[in-house]
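Protein chains: 2
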Amino acid sequence: MSAAERVIVAVDAMGGDHAPEVVLQGVAEALAVDSELVVLLTGPHDVVTPFVASHQRIEAVVTTQVIEMGEHPANAVRSKNDSSIVVGCRLVKDGRAAAFFSAGSTGACMAAATLIMGRLSGVSRPAIATVIPASDRPCVLLDIGANADVKPENLVQFALMGRAYAQVLLERTEPSIGLLNIGEEPTKGSMLAQEAHSLMAANVPGFTGNVEGRDIPLGTVDVVVTDGFTGNVALKLLEGLSKTLLGQVKAAMTESALNTIAAAVLQPSLKRLKDRLDPDMYGGAPLLGVKGVCIIGHGSSSARAIRSGVLVSARVARAGLPAMIERSVAELQAEQGTLSPGVANV
Amino acid sequence: MSAAERVIVAVDAMGGDHAPEVVLQGVAEALAVDSELVVLLTGPHDVVTPFVASHQRIEAVVTTQVIEMGEHPANAVRSKNDSSIVVGCRLVKDGRAAAFFSAGSTGACMAAATLIMGRLSGVSRPAIATVIPASDRPCVLLDIGANADVKPENLVQFALMGRAYAQVLLERTEPSIGLLNIGEEPTKGSMLAQEAHSLMAANVPGFTGNVEGRDIPLGTVDVVVTDGFTGNVALKLLEGLSKTLLGQVKAAMTESALNTIAAAVLQPSLKRLKDRLDPDMYGGAPLLGVKGVCIIGHGSSSARAIRSGVLVSARVARAGLPAMIERSVAELQAEQGTLSPGVANV
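Which chain is which? The protein sequence lines are A and B, in order.
Heads up: take any position in the first sequence, counting from 1, add 52, and you land on the working numbering.
Heads up: take any position in the second sequence, counting from 1, add 52, and you land on the working numbering.
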């Protein structure tokens with residue numbers, strides 16, 4: 053599909069700490085950038101109707117409920133059938149939208165997408181991926197929290213899903229894939245990592261072996277595969293340390309009046325650095341392995357992050373990411389001879 | 053014991069990428085700082101003998117073998133009975149030294165200390181700890197790699213060992229202890245983390261609940277407890293990201309001639325920041341849970357890191373860290389009513 057193809061993205065107007073204002077602003081910016089983007093905006097009447105009236109290529113889908121950040125994800129999804137998240141996922145399920153974007157509760161988006169859109173044929177555990185922007189060469193990290201406990205075969209599927217995402221988002225034709233471990237040799241690490249290493253070596257195109265924690269910010273490989281426990285710890289550590297370190301650099305720069313003047317000179321260069329490290333650029337974290345595109349933005353998303361998230365949703369939908377994933381999982385299963393009937397004719 | 057008490061530390065002259073030169077320099081500096089420190093220097097005749105002749109409070113223990121960084125740890129320890137690492141651990145075992153310090157192979161030091169010194173009564177799995185210097189309030193992180201797969205009860209012991217280390221090294225009387233997890237609620241995370249949470253809540257003094265990846269650089273708690281897989285990934289990620297980020301800040305500062313001038317003004321402040329973040333300050337990573345003090349320096353240790361490692365070894369030995377750990381593990385077992393005969397009279 054070409055980038056100019058018309059695509060419909062459902063957007064949760066109520067997602068994130070600064071909703072609905074920043075969501076509406078981000079959506080308006082995305083519509084202005086992508087002239088073939090159509091948005092279905094889910095949310096309360098008083099939020100979505102006036103906004104839709106004043107913009108083009110956007111429709112209101114009025115909902116009466118909102119899932120709050122603190123609610124139990126699965127319970128909230130089951131009980132709030134007319135919430136902006138549940139309705140957004142249903143629009144994808146019903147074929148009215150190609151993608152759903154929300155900066156709301158990660159747990160609720162994950163539960164809604166899995167329950168409503170359903171899993172792709174052959175995928176046993178959907179996983180959440182993100183792009184780590186710390187180096188000159190960003191990489192995809194997954195799973196970042198959907199599955200705290202996994203089996204080696206889950207990691208193989210995560211690798212295939214992350215590979216497809218890196219192909220689409222980072223435009224790497226043959227992405228290199230690494231398994232996050234605590235040593236380079238295949239025999240290093242936990243039992244999970246050791247078993248996953250041998251499975252991945254046999255089944256994952258582009259698998260280059262183990263990588264270590266330091267390789268994530270370096271971008272040594274295009275895709276770093278791990279369980280959702282380690283991945284979540286790593287992601288939050290990256291976010292926390294980037295913030296702490298840049299804060300300390302900033303504090304050092306204002307230690308004296310002379311420092312403050314010197315810092316003003318450096319300001320534009322440091323701003324560019326900060327922008328390059330800004331996760332907002334990559335527009336949120338996709339839940340890979342469900343039948344449809346579901347991208348979850350950070351709760352603290354700015355309008356720029358929302359814009360980016362909506363544009364990435366459109367791009368990933370146009371590229372047909374779910375079909376790419378389903379195909380690669382089916383190919384693997386065909387090779388392994390464990391082909392299930394439902395996958396046979398893909 | 054007072055800080056002025058005489059203490060004997062065995063030091064591996066051959067440990068680290070820049071051995072023996074930086075080791076000898078670091079030892080000389082440590083001897084100059086601590087007037088009650090005595091060093092037993094293990095290594096080849098031509099390295100240790102001339103150095104000992106020109107310094108005070110130091111004895112040569114000539115060894116004929118060296119364990120290289122790439123060797124299989126357990127095999128090397130078994131086959132190289134007269135190596136600087138094995139002999140150093142034996143000096144502690146035999147009561148000739150109170151501590152052993154090496155910047156050599158972590159695996160070999162761990163294997164030698166465990167095999168030769170032996171485990172403390174009641175400790176089922178020794179663990180490696182380190183101090184994370186990223187925040188204004190440094191914290192202890194363990195395990196950073198000794199145990200890739202652990203049980204919940206191991207994490208409880210890690211907590212007690214890390215607690216004792218924080219008391220000695222960070223001088224926190226009642227350290228706060230957090231379990232590294234992927235959510236704050238007790239029901240979040242992997243099965244391991246959930247079970248460990250309830251065990252720790254019942255048995256670990258100062259346990260404050262779950263902490264997340266971002267809490268490590270923030271120093272939210274004094275001790276962060278995790279398995280050796282997650283801990284090693286986190287540590288290497290911290291090291292890698294700190295290096296990457298500071299490198300990027302430096303690059304931004306030399307983007308133009310004007311930037312370079314401004315950066316020169318800021319240089320002293322940024323140098324102080326870099327020093328504060330330097331892990332060298334905390335002198336290496338102790339293997340906690342063995343009968344004796346064993347501290348392992350980074351392979352890339354500078355003379356300053358060696359000095360710091362030798363001084364910390366002396367300090368930890370004077371504080372009687374192994375006895376503190378044995379006592380707290382015995383107290384826990386007494387409370388749990390699973391007291392083994394060997395621990396009964398401690």
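In short, the hints are calculated from the structure, not lab data.
Mixed in with the good hints there might be a few duds.
If chains are identical, the list can't say which one is meant, so a pair holds when it fits in one copy or spans any two.
[Claimed, not checked] Here are the computed lysine-lysine pairs in the DSSO-like style, where the Cα-Cα straight-line distance is at most 30 Å:
#: 1; residue 1: 203; residue 2: 145
#: 2; residue 1: 302; residue 2: 145
#: 3; residue 1: 323; residue 2: 295
#: 4; residue 1: 302; residue 2: 240
#: 5; residue 1: 295; residue 2: 326
#: 6; residue 1: 145; residue 2: 323
Okay, the hints, checked on the actual structure:
1. 203 <-> 145: Cα proximity of residue 203 and residue 145: one copy only (28 Å, versus 42 Å across).
2. 302 <-> 145: neither (47 Å within a copy, 49 Å between copies)
3. 323 <-> 295: both (14 Å within a copy, 19 Å between copies)
4. 302 <-> 240: neither (39 Å within a copy, 35 Å between copies)
5. 295 <-> 326: Answer is both; intra-copy 10 Å and inter-copy 16 Å each pass.
6. 145 <-> 323: Classified as neither: same-chain Cα gap 41 Å, cross-chain 56 Å, threshold 30 Å.
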